[in-house]
Every structure is written in structure tokens, then in C-alpha cells.
Amino acid sequence: MDNSYRKQKIDCIINVSEIVTIHYFEFDRNFRSHGEKHDFWEMVYVDKGEAIIKAKNNELTLRQGEAVFHKPNEFHAVSANGKVAPNVFIITFVCRSKAMDFFKGKQLSIPMPMRACIAGIISEAEASYHLARNNPYLTELRLKDNAPKGGEQLIKINLEMLLIQLLRFDINAKKATTVSREIHDNLIAGVVELIHSGIYGKITVDDICRKLSFSRSYISAKFKDCCNMTMNEYINKAKIEEAKTLIREEKHSISEISEMLCYDNPHYFSKVFKRVTNMSPTEYRESVKI
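Using numbering that gives the first Met the number 0, you'd call the opening residue of the sequence shown number 0 and step up by one each time.
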């Protein structure tokens, strides 16, 4: 027996022991919660639009790409601002690690590469659990009979990875990054900015490449590596997400939304909408009514 090997104990600075709830809300513009408190952590992340967060006696505006953390037993509430219909991701979990003290009362901007962890949590949660659409009163996750193996563990891993990356990002915030890292992050951010700023026009990959002065092959490869989808897939997703917001705001008809987003006709718009969301625009409008 070889006794020369030495086993290295792993120091886990963040250990999520339990997941309580996972929500991805597509609120209407007038949504308001009554508020709550509980003996576990809660992370609220705005995927689109903005939300009003109340915690104790404080009120803050959480904008797209930002997250806030509520410590155990902290009273808090979330609501829309009455103007914009936001998309909000909320996960509640048990973690007794000392390192979680960093997140108490924190409002953080989530860097683009780290948002992949949130996307991973949402994807695995949808595959693993019965998640009721826009149900703010969900108090228990029910596992699907056909849930993929390891789905729950991947949710835990993605959440822990996100928390650790945020800790590292804060620690290293004032340190210089490499030029290549800066170029990569700025490039992806530039692509996303061009897509969202031109959401009401005709957006093409060639136009994006020309404006950023990079070749199509280079930008396409970098974007796919970071976002796990092509730029055309992201454009379609972004337009449909904007359409969903407009539908929830109830200011325009389906035909008007189709025209606003520069689709050739309402029929084609409905076809793309159903391909992305698995429901028609009309079915979606009915599904978000609470």
C-alpha cells in the first residue's frame, strides 16, 4: 500500500445546503408584493427593466443586470415601478457560511460573464421542478418525475459559483485586468448594447460587426463562447423579450407590437414568438394575468 499520497481537504468558503424556492417572474407594470421575511437568504436579480426593492426602512431601485441580497429574517418587498413591466429572478436558499456576511445589504451589478450562472440555474430549475408561472406564493419546489439526473446539484453548483465569483470580483475590483480580458468583456457588452439599443429596428449581425470594427467570424465565436447562443439567436430572444414586456404593459395590440419591432407581418411575429416561448402572443397575454 502506497502511503506517499496525501489527501487535501477542500476549504469550501460558500456552502449552499438547501434551495428553498426559485422564481422567474414576468411582472406587469403595476405589480406589488406585500413583503415578507424568512430565516434564509434571498437573492433578487433584475433581468430586464427595473424593480423597486424595500428592505427594513430603505427603498432602492434595482436596474437591469443588478442584484440585491436579503439576509435571513430581514423584511423585504419587491414591486414594479408602475411604468415598466420587469423580468425578475429570485432564488432563496440556506447558507450558513461566514463568507455570506459580504452580501448583507449588498446591491451589486452582475458582470456579463457571471450571468451565465443565473441562466444555468433557471435552465436546470425549469427542467427539474414544477415551476408555476408568475406565482409569488410558491413555497415549495416539487421535483418532476422525469427530472434530469444531477439537476439539483447543478443548481447548487451554479449558485455557489456565482457567489464565489462575486466575492472574487469585489476583492479584485481595484486590481488591473489583462488587456485581452478587457477587450473580451467590452466586445460582448458592445454587442449586447447594440442589439438592445436597436431593438425597434432591423438588426443584422453584419451591421453589428461593422460598427464594432471586428470580423464576423471573430465576434461570432467570442459571443457564442460567452453567451452559449449565436448573435441571431440572441437578437430573436431579445426582440421576443421586449414583445413580452409590451404585452404585459397593455398599451398596444399584438399587431402594433409586431410592427414596432419591425417584423414583416403579425403572422410571422406570432410564429417567432411561439418558437421562442412555446405559446402564442395571445396565450402569453392570458398566462401572465394573476
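It is worth saying that the hints were derived from the structure and are not from the lab. Accuracy of the hints is not assured; some may be wrong.
Taking lysine-lysine and the BS3-like style, the derived pairs with C-alpha atoms no more than 25 Å apart in a straight line are [as the list claims (entries may be wrong)]:
id: 1; residue 1: Lys82; residue 2: Lys47
id: 2; residue 1: Lys82; residue 2: Lys53
id: 3; residue 1: Lys221; residue 2: Lys201
id: 4; residue 1: Lys155; residue 2: Lys201
id: 5; residue 1: Lys97; residue 2: Lys47
id: 6; residue 1: Lys53; residue 2: Lys70
id: 7; residue 1: Lys273; residue 2: Lys250
id: 8; residue 1: Lys55; residue 2: Lys6
id: 9; residue 1: Lys47; residue 2: Lys236
Ranges between beta-carbon positions, derived for each pair [to be verified]:
id: 10; residue 1: Arg95; residue 2: Arg284; range: 41 to 49 Å
id: 11; residue 1: Val271; residue 2: Pro71; range: 17 to 25 Å
id: 12; residue 1: Arg167; residue 2: Tyr199; range: 35 to 43 Å
id: 13; residue 1: Gly81; residue 2: Ser108; range: 17 to 25 Å
id: 14; residue 1: Met160; residue 2: Lys8; range: 51 to 59 Å
id: 15; residue 1: Asn14; residue 2: Ala146; range: 17 to 25 Å
id: 16; residue 1: Asp10; residue 2: Glu35; range: 32 to 40 Å
Because the structure is a prediction, the values reported are computed rather than measured. C-beta atoms are modelled at their ideal positions from N, C-alpha and C, and glycine is treated no differently.
Holds or violated: are the alpha carbons of Lys273 and Lys250 at most 25 Å from each other? holds (21 Å)
Does Lys201 lie within 25 Å of Lys155 when you go C-alpha to C-alpha? Judged against 25 Å, a Cα distance of about 39 Å means the pair is violated.
Is it true that Asn14 and Ala146 lie within 17 to 25 Å of each other by Cβ? The hinted range 17 to 25 Å holds for Asn14 and Ala146, with Cβ atoms some 23 Å apart.
Given pair status - Lys53, Lys82, alpha carbons within 25 Å: Holds: Lys82 and Lys53 sit about 18 Å apart, inside 25 Å.
What's the verdict on Lys47 and Lys236, does the C-alpha distance respect the 25 Å limit or exceed it? At roughly 12 Å apart (the allowed maximum being 25 Å), Lys236 and Lys47 satisfy the hint.
For Arg95 and Arg284, compare the CB-CB distance with the range 41 to 49 Å and indicate the outcome. This hint holds: roughly 43 Å between Cβ atoms.
Holds or violated: Lys82 to Lys47, with C-alpha atoms at most 25 Å apart: Since the Cα atoms of Lys82 and Lys47 sit roughly 13 Å apart, the hinted pair holds (cutoff 25 Å).
Would you check the hint for Lys221 and Lys201, treating anything up to 25 Å between C-alpha atoms as holding? holds (22 Å)
Between Lys53 and Lys70, does the CA-CA distance stay at or below 25 Å? Holds, at roughly 13 Å.
For the pair supplied as a hint, Lys97 and Lys47, is the alpha-carbon distance within the 25 Å limit? violated (31 Å)
Sort out whether Lys6 lies within 25 Å of Lys55, counting only the CA atoms. violated (46 Å)
Between Met160 and Lys8, is the Cβ distance one that fits in 51 to 59 Å? violated (20 Å)
In this structure, the earlier hints numbered 4, 5, 8, 11, 14 are contradicted, and the remaining ones agree with it.
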